[in-house]
Amino acid sequence: MKLLALLIKKDLKLELQTKESLSAMLIFSLLTMVSLGLALGGEPANGAVLSGLLWITFLFTSLLGLNRTFFYEKEEGCLEGLLLAPIDITHLYLSKVVSNFIFLSLMEAVVIPVFLLFFSGGSVNLFTGGFFLTLILANLGLSIIGVLLAAISMNTRAKDLMLPLLFIPVIVPVLLAAIKATNIVVLGGETAELFASLRLLLFYDIIFALVAFLTFEYVLEE
Amino acid sequence: MKRGQKLTALRYIAISSILISLYMIFFLAPTDRYLGIVQKIFYIHFASAIIPYLAFLIVFLASAFYLVKKEIFFDRLALASAEIGLMVDTVLLVTGTIFSKPTWGVWWVWEPRLTTSLIMWLLYFGYLMLRSLSEDRLKAKNLAAVYGIVAFVSVPISFMSIRWWRSVHPILITPNKINLDPSMWLVALSTLAAFALLFAYLLNLKMEILLLEEEIAEIKEEMGDTQ
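Just so you know, the protein sequences line up as chains A and B, in that order. Residues 389 to 610 (our numbering) are what the first sequence spells out, left to right. Residues 501 to 727 (our numbering) are what the second sequence spells out, left to right.
In short, the hints are calculated from the structure, not lab data. Treat the hints with caution; some may be incorrect.
As the list claims (entries may be wrong) - With a straight-line cut-off of 35 angstroms between C-alpha atoms, the simulated DSBU-like cross-links for lysine-lysine are:
id: 1; chain 1: A; residue 1: Lys398; chain 2: B; residue 2: Lys639
id: 2; chain 1: B; residue 1: Lys502; chain 2: B; residue 2: Lys570
id: 3; chain 1: B; residue 1: Lys639; chain 2: B; residue 2: Lys570
id: 4; chain 1: A; residue 1: Lys407; chain 2: B; residue 2: Lys639
id: 5; chain 1: A; residue 1: Lys390; chain 2: B; residue 2: Lys569
With the rest of the complex left out, here is chain A (with noise of 0.2 angstroms):
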C-alpha cells in the first residue's frame, strides 16, 4: 500500500514538476471545442447531442494523456528500474490507472466549465451528484482500459500511432454510458434511470479491471 502511494506520488511529481502533459490536454481539449464549435456552424447544441460533444472532448483529450503514461520509463529507461524493483506489478499497474485518472479528473475540471460557456448557452447544470458519479465511473474506465492499451501499444513500432486505433473501439461501451448517463442528467430524466447507466458503468469497470489485472504482468514480461 505504501508502495503504491510512493509510485503514484512519483508520477504525480513528475507532472506537476513539468506540466507537459496537463498543459498538452487543456489546449488540445480546448483546440477539440473549437473544431466542435465550427462544425455546428453556431447552432446551439441540444440537449442530446451536448452530452455527445462533451465526452467527445474528453474521448481525444484523454488520449493525449494516456500516450504519455509511459513515456518517462520508456524513454528514460526507468521501465528496468521499476522491474527489477522489488515491487509487484499490479501495483504498478494500478499506480499509473490512479495518476491517470487523476490527470483526467483535473483536465476536466477545467473543461466543463469551458464546454457549457461555450455549447450549452448557460440553461445547463451539470453540477449535479449524478453528473459527478458519472464523470468518477467513466475516469475509472477509462483509465482502467487505456493503462492497459497504452502499455500494449509503448512496445510497438508505431508507439503512441497505435493506441487511438487500440483505444477507441474497445472504450466505445463506456462512452456510450457515460454519454447516456449524461444525457438524462441534462434533458431531467427519472432518476432510476440515472442509476441503471450508472450500474452498467459500474459493471464495465469491474469487467475491464478484471481483465485487466489478469493480462497486464504478460504486456511487461520480457
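The hints should help you fit chain B onto chain A, whose structure is shown.
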C-alpha cells in the same frame, strides 16, 4: 494421410459445399414474396454474420491458451482466425449495406447489430495492425494475445450498450418461434455449414503458411549465424 493431402481434401470439400449452397440459394429456396430476388443475399449475409463470432471466439480462447501455455501453435491459431474472421466480417458489412438499401431504404442505420459489427471490424483491424507493427517477435505475441482477450470481452458489452437504441434489425430466432420459412431455413443453415467448411479450410491454410514463414525465419537466422 499427410498434412498437405488433408488440406487438399478439405479444399475440395469446401469448394463443393459452397457450390451446392449457391445452387440451393438460387434454385431451391423460394423467392421472397415482398423482397423478390434481392432476398437471396440474405443467405450469404446470415452465414457471414455467424462466422466472425466463431472466429473471434477462437482468437479469444487461443490468446488465453497462448498466455498460459506459451505454445506457439495457439499464437498461430489466433492470428489466422483473426485474419479470416475480419475478412468474413467485411463480407457481412458489405452484404448488409447491399441488403439494407432495398429493404430499409437506406444504406446504413446506426442500430445495435450493424454498429457492433462495424466496431468488431475496427477492433480486429487494430489487432492485425498491432501484430504487424510490433518490434520484438516474441513480445508481439504476448501483446497481441492480451489485446485478443480485451477485444473479445468488449464485443458483447458493446452490443449490450448500444441496445438502448430501438432496433430495426429483424430478429430471426425468438424463444417461441423461428421467423423464417422452413425451406428458407434449410438453405440458410446449409449456407452456414458451407461457410464453416470454407472457414476451416482457410484457417488451416493460413496456419500452414504461418508455420512455413516461421521455418523460413529460423533458417534465415541460422544462415546469418554461420556467415
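Tested hints:
Between Lys398 of chain A and Lys639 of chain B the alpha-carbon distance is near 27 angstroms, which keeps this suggested pair within the 35 angstroms criterion. A C-alpha spacing of about 26 angstroms is found between Lys502 of chain B and Lys570 of chain B, which places the hinted pair at or below 35 angstroms, so the restraint holds. Taken as a hint, the Lys639 of chain B and Lys570 of chain B pair is honoured in the structure, with Cα atoms around 11 angstroms apart against an allowance of 35 angstroms. Of the supplied pair hints, the one linking Lys407 of chain A and Lys639 of chain B holds, its CA atoms being roughly 32 angstroms apart against a limit of 35 angstroms.
About 34 angstroms separates the Cα atoms of Lys390 of chain A and Lys569 of chain B, which keeps this hinted pair within 35 angstroms; it holds.
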